[in-house]
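What follows is the residue order along each chain.
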Amino acid sequence: MISGAEIMVKCLENEGVAIAFGYPGAAICPFYDYLYRSSIQHVLVREEQNAAHEASGYARASGKPGVCIATSGPGATNLITGIATAYMDSIPLICITGQVNSELLGRDVFQEADITGACEPFTKHSYLVKNAADLPRIFKEAFHIATTGRPGPVLIDVPVDMQTSTVSDFSYPLKADIIGYKPRTQGHAMQIKKALAAIGEAKRPVICCGGGVVLAGARDEFVAFAKSSGIPVVSTMMGIGVVPMDSRLYLGMIGMHGHTNANQAMGQADLIILCGARVGDRAVSAPEQMAQQAKIIHIDIDPAEIGKNMTAHIPIVGDIRLVLGSFAEQVTNTVSEEWVEQVLQYKADFVPLGEPDNTSGFVEPRSFMRALSRMMDENAILVSDVGQNQIWAARNFNVKEGRFLTSGGLGTMGYALPAAIGAKLAKPNRQVLCICGDGSFQMAMCELGTLCQEQVNLKIILMQNDRLGMVKEIQGRLYGDRYIATTLNGNPDFVKLAEAYGIHAAVATSNGQAEQLAKEMFATDKAFILVCRVNPDAPTI
Amino acid sequence: MKYTLSVLVENQPGVLSKVSGLFSRRGFNIDSLAVGITEDPTISRITIVVNGDEYMVEQVEKQLNKLIPVIKVKVMQPGLFISCELSLVKVNCNTKQHAEIMKIAELMQAKIVDVATTSLTLQFCDNDERTQTLISLLKPFGFKEIVRAGTLAIEKGAVTARKQST
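Chains as they are written, first to last, in the working numbering: chain A, 34 to 574; chain B, 8 to 173.
If we strip away everything but chain A, and leave its shape as in the complex, we get (with noise of 0.2 Å):
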């Protein structure tokens, strides 16, 4: 005999699960019972939405799944902004949850919460445990749907009955067999030769590199496709560090926080190839007025993206590994030398806004953010917060071949403590580089805990301008300089919190300084946060 919270341990052992973040209560105890005789490692986070961004920085730095736990009422509805955050940027997650005694479901019992309607809008799937004796199908078919076709986050809500009842064996499933679950893997033969038709008579084509590139792992394909072609590569916030951004012919980031040149190329082409891009709001602002002027090839493994924001002219559904990969064999550089010299030109024109000003009392955040990425490995992994901290990340680190790993979709603040921890985990060899705002890393704080429990020798640089920056930049802009809720007017002396927490820590008022001590951080093995004193007028751009 087997109870259903072995099972539970036994599925994820089979899954080649090492690492689980979470944070336990009542309702998921004979789980842990089981956790305690295994060899996964366990995370204790401070609060749960962390729990679900520490398995999300895991899952992106590692590529595979990233799990997480909690227990059930508050526990669970805690996870949901972490499990929302996943669901928009479509990263794997397993999220376990305890539930009540399912004889007392719907009797509004203590700790009771319908975690599964909850987050009906942002999980891939979610399962209600019925019977002990379904818990190896439903993990079996967690973890692929959670890591096939459009990735994304599947939660599993398990009564406390379900994980103490018995049932005679365990074996766990081969694989999946889901009727309404084939995700398209190849793209179509007869599309694939259509947009290479349409790529050889574009006369100013333009690649637009989105999350799902990195997603699908088919950064090489990429690289591969652009460089045959020779067409110029411009990308969203989530795609990012795919072509290393010091690459000739890459243009820049897109949208309403890109780069000029960048927007300048996607406004001027005759042929947009989207890969793995949603073409969200902040990406494209009038995306109808776009697919007028050029034709657009829309590449996605998920069918529902195409024509959602845009018009596709030739759209191709399927794995973007095997569709590049495919065009990177048959296409031929057909690119006209004026538009090479036209972006090129662009690019040439484009100056990265932000100086050094050493007598100001503030480092400049921009320029430090370009001093940063000349001093780091090239493999570094960056993760920016939510707020002006991200754009400054987003506009002026170079990415090398390395990843920049941020809230692209949800734009949750918060998300870069948490999921930087959780990237350091995934690879503890790499420097992991965590950027946040005075008010970001104040929601995540508590993590520090997390951090020194588990000594993770993580860099942490705050940028503290005692603002709400981009919410004061835009009541300036938008609301007649009426600043309302966007002073934090009761910070802590950061230096001394993270000395309470035995975490080494220093200020820097100028780029000299946060440049000489950001080199005494990256020598040192053990966590560091270095804050940064910002003017509250720098602006975002």
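No wet-lab data here; the hints were simulated from the structure.
Each hint should be verified, as a subset may be incorrect.
[What the hints assert, rightly or not] Derived DSBU-like pairs: lysine-lysine, alpha-carbon spacing no greater than 35 Å straight-line:
#, chain 1, residue 1, chain 2, residue 2
1, A, Lys260, A, Lys215
2, A, Lys43, B, Lys73
3, B, Lys79, A, Lys328
4, B, Lys25, A, Lys173
Predicted model, so just to flag it, every value in this text is computed and none were measured.
Take the given structure of chain A and dock chain B to it, following the hints.
Showing chain B alone in chain A's frame:
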């Protein structure tokens, strides 16, 4: 314009809320929805009538296909399917009006299923247009209640929802 969708789903708890929830959270309005099991007891069929445009119905179809328990979505082509809806109509009347209502019922091929001194209940099964006709004919008498089951649809000929042709 009205579109009729046939959705084959795995017959398991929670599927209906997944399907109907998708409509409301994407801002699409459901005109009618009918659900029941099919020739295969593990599969249910949901027939949904929505009011919208081509973009909306394409999005609905694609988003429905993303739901894991959804096996197949088919947008019915105008003129190529049969539809009908069961309605129960309880009409106000006195005994003197019985004959008049029974005449309408006979004309429309509705069945009188309950008779009382102050009401008559008609059972009617036909397409939306004929249902509207019956309702407008009975309107002068006044209604106590109207209950409609939602439209069911099936394609003409040997075509099925699962396959183009058999």
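The hints, checked one at a time:
{"no.": "1", "hint": "A:Lys260 - A:Lys215", "result": "holds (32 Å)"}
{"no.": "2", "hint": "A:Lys43 - B:Lys73", "result": "holds (29 Å)"}
{"no.": "3", "hint": "B:Lys79 - A:Lys328", "result": "holds (31 Å)"}
{"no.": "4", "hint": "B:Lys25 - A:Lys173", "result": "holds (21 Å)"}
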